[in-house]
Structures are given as C-alpha cells and as structure tokens.
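Assemble chain B onto chain A, guided by the hints.
There are 2 protein chains.
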Amino acid sequence: MRHTSLSEMSCPIARSLDRVGEWWSMLILRDALRGVTRFDDFRRSLGVAPNMLTRRLNALVEAGMLERRRYSERPPRDEYIPTARGRDFRPVLLALLAYGNRHFAPEGPNVEIVHSATGIPADPVLVDRRTGLPIDGPDYRTVHHAPKTPLPLPLGEVGARQRSG
Amino acid sequence: MRHTSLSEMSCPIARSLDRVGEWWSMLILRDALRGVTRFDDFRRSLGVAPNMLTRRLNALVEAGMLERRRYSERPPRDEYIPTARGRDFRPVLLALLAYGNRHFAPEGPNVEIVHSATGIPADPVLVDRRTGLPIDGPDYRTVHHAPKTPLPLPLGEVGARQRSG
Numbered sequence: 001m002r003h004t005s006l007s008e009m010s011c012p013i014a015r016s017l018d019r020v021g022e023w024w025s026m027l028i029l030r031d032a033l034r035g036v037t038r039f040d041d042f043r044r045s046l047g048v049a050p051n052m053l054t055r056r057l058n059a060l061v062e063a064g065m066l067e068r069r070r071y072s073e074r075p076p077r078d079e080y081i082p083t084a085r086g087r088d089f090r091p092v093l094l095a096l097l098a099y100g101n102r103h104f105a106p107e108g109p110n111v112e113i114v115h116s117a118t119g120i121p122a123d124p125v126l127v128d129r130r131t132g133l134p135i136d137g138p139d140y141r142t143v144h145h146a147p148k149t150p151l152p153l154p155l156g157e158v159g160a161r162q163r164s165g
Numbered sequence: 166m167r168h169t170s171l172s173e174m175s176c177p178i179a180r181s182l183d184r185v186g187e188w189w190s191m192l193i194l195r196d197a198l199r200g201v202t203r204f205d206d207f208r209r210s211l212g213v214a215p216n217m218l219t220r221r222l223n224a225l226v227e228a229g230m231l232e233r234r235r236y237s238e239r240p241p242r243d244e245y246i247p248t249a250r251g252r253d254f255r256p257v258l259l260a261l262l263a264y265g266n267r268h269f270a271p272e273g274p275n276v277e278i279v280h281s282a283t284g285i286p287a288d289p290v291l292v293d294r295r296t297g298l299p300i301d302g303p304d305y306r307t308v309h310h311a312p313k314t315p316l317p318l319p320l321g322e323v324g325a326r327q328r329s330g
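In order, the protein sequences belong to chains A and B.
Numbering follows the working numbering, in which position 63 of the first sequence is assigned residue number 63; successive positions increment by one, without gaps.
Every position in the second sequence, counted from 1, becomes a number in the working numbering once 165 is added.
Only chain A is shown next, with the shape it has when bound in the complex:
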C-alpha cells in the first residue's frame, strides 16, 4: 500500500515516509545497515512474504537507498548494498531504537548502544553539530519557506511550542 498523496506534500517528514515506503522498509534498512545483503537472509531475519520483500527492496533501490549488485550469474542472484543515502538513514533508526528502549521495553532493553571504551549505555540526544545545543529545545524553532509544491503541510513551531498535558 503506497500513500502516493504524501509525496506531493512539501513536508520533509511526509516525503521521507513516502520514500521509505512501509514499516518493512525501515526494518530492511536496519538489517542492511548491519550487513545483511541477500534476499534469503532478509527473508529469514524479517519473516516477511517473498513478494512483499521483493516489492520493498525494489522501492528502496528506486529511492536510491539501496544498490542492487549481481553476485552470481548462474543462477542469477543479486545482493543489496546501502548507498550513501541509505547509510544516512541510520540516525532515524537509532532514534527509533532509543525510543523503543525508553518506552516499550518494560523487561529492560534487549539492544543497547554503548560507548565502546567504557561500556556505558549512550543517552542519545539530537543536537546541532555547530552549537552542540539540543534542537529539541528552546534555542531552536522551525521556519517555513514559501512552499514550492501544491500541498503545503508545515511542521509548526518545534522550539517555541507550549507543553500541554
């Protein structure tokens, strides 16, 4: 199921979601970024139907996030390698990982990101590379430029928003 209308939205979140395609696509990218390259290995890891996996792999190749490479001529077999654009998706997955650990791991995290030297678990926070300040804070706000596509859909004020609830 594609939500093609999303691609026409000017919101960059909507566009990212549209290109990545489906939950399965994020999990395929997760596996690809840990080194899985072959169809059968993706299938085993995800327990997903072959036709669904084929569709999702094709969509990720079309979106420029995976590159298809033939590794065997007889029988014909391809592998799927993350491109620079695919590797750049890792922060989104790490943010989802941190969120899952904080909110949906009542028995304690199964997967953790730790500082290699000390083994201390990381406490991930999104900051501005230039200032080192959290962008999810009062020092930052969202700016909307004049939309160049037909369906403007702004994110709204991030930093200045009042907390309710």
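Hints were generated in silico from the structure; no laboratory data involved.
Errors might be hidden in some of the hints.
[Unchecked claim] Computed beta-carbon distance windows for the label pairs: (1) 239(B) <-> 132(A): 45 to 55 Å; (2) 108(A) <-> 253(B): 11 to 21 Å; (3) 145(A) <-> 204(B): 20 to 30 Å; (4) 58(A) <-> 220(B): 23 to 33 Å; (5) 310(B) <-> 40(A): 19 to 29 Å; (6) 131(A) <-> 271(B): 23 to 33 Å.
Every residue gets a Cβ at the ideal spot worked out from N, C-alpha and C, and that includes glycine.
Below, chain B without anything else, positioned relative to chain A:
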C-alpha cells in the same frame, strides 16, 4: 493493517514501529506536537479518511502517546493531547525532517530547523548526552542482551560496521 508479529520481536525499532502503527500515525503525531488537538483539524491537515483517522487516534491513545480529553458534552467532542511519551517521539520526527531535507528536497527545504538567535539552519546530529560524541560513529557499538522474548532480532554492530558501497 497491523503487523502484529512485530510486537513480539525483541528489537526496539520493531516495537516502536509496531506501536506507532502506520505512516499516518507519525503525521498525526507531527501535527499533535505542533498544537493540533481536534479531529477536524487533523483531518483537514492530513486529508485522511475519517475512519482511518479514528483508528489511528485510538491506537495512539492505546499506545499511551496521546491522551483523549472531552472538551464539549453537547455535542460530545474530544481533543487529543500529546502525553510525555508522545512528546518524547519528537527526536524521531526531527531526524526524519532532517533526512527529508537532505535527500528529498531538490528544490530546497520547505521546513527548516534554525537556531532562534542567529537564524542559522541546524545541522542535526545524534550524540551521547554524556560524552557529546556522535553515536553514529566509531566510538559506539550495539550490545545485544539475552532476549527475553521469543523472537530475537538484533540490530547488529552499529559503530564497528564496515562501510560497503
């Protein structure tokens, strides 16, 4: 369409995706975090069918990310307010925003996060709050604990992974 099997996976990414539910859920959260609270305003912003919107709002309430509050008895009307758990999802959306701007905004970004004082666009990077170092780098790795749920699905080495492609 629910991927119930995902919820049984021990991977925190899969769990997050399972709870948030669908693309629409992420866009509903985006709108909720910029202050949208009412059904008709979500519907107008997203252009989504009412029955789909009702299902997604109910799922986000069940997941503990939105809270339902009655604001009118006659006629009966509810509004939807982000909980602390819902607000904590903002870094995922900001990571998706940054990704969309970098890769899917050939005409230039429509929405940008800027430093309020200077107006300089932020360059978002995920760091460890304790060390200030990027967790998407060689100083960090992923550790897998003994899974406590039936379907282990590790993320794999993040920091130590070799780049291919």
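Find the hints from earlier in the document that the structure breaks and name them by number, from lowest to highest.
Violated: none.
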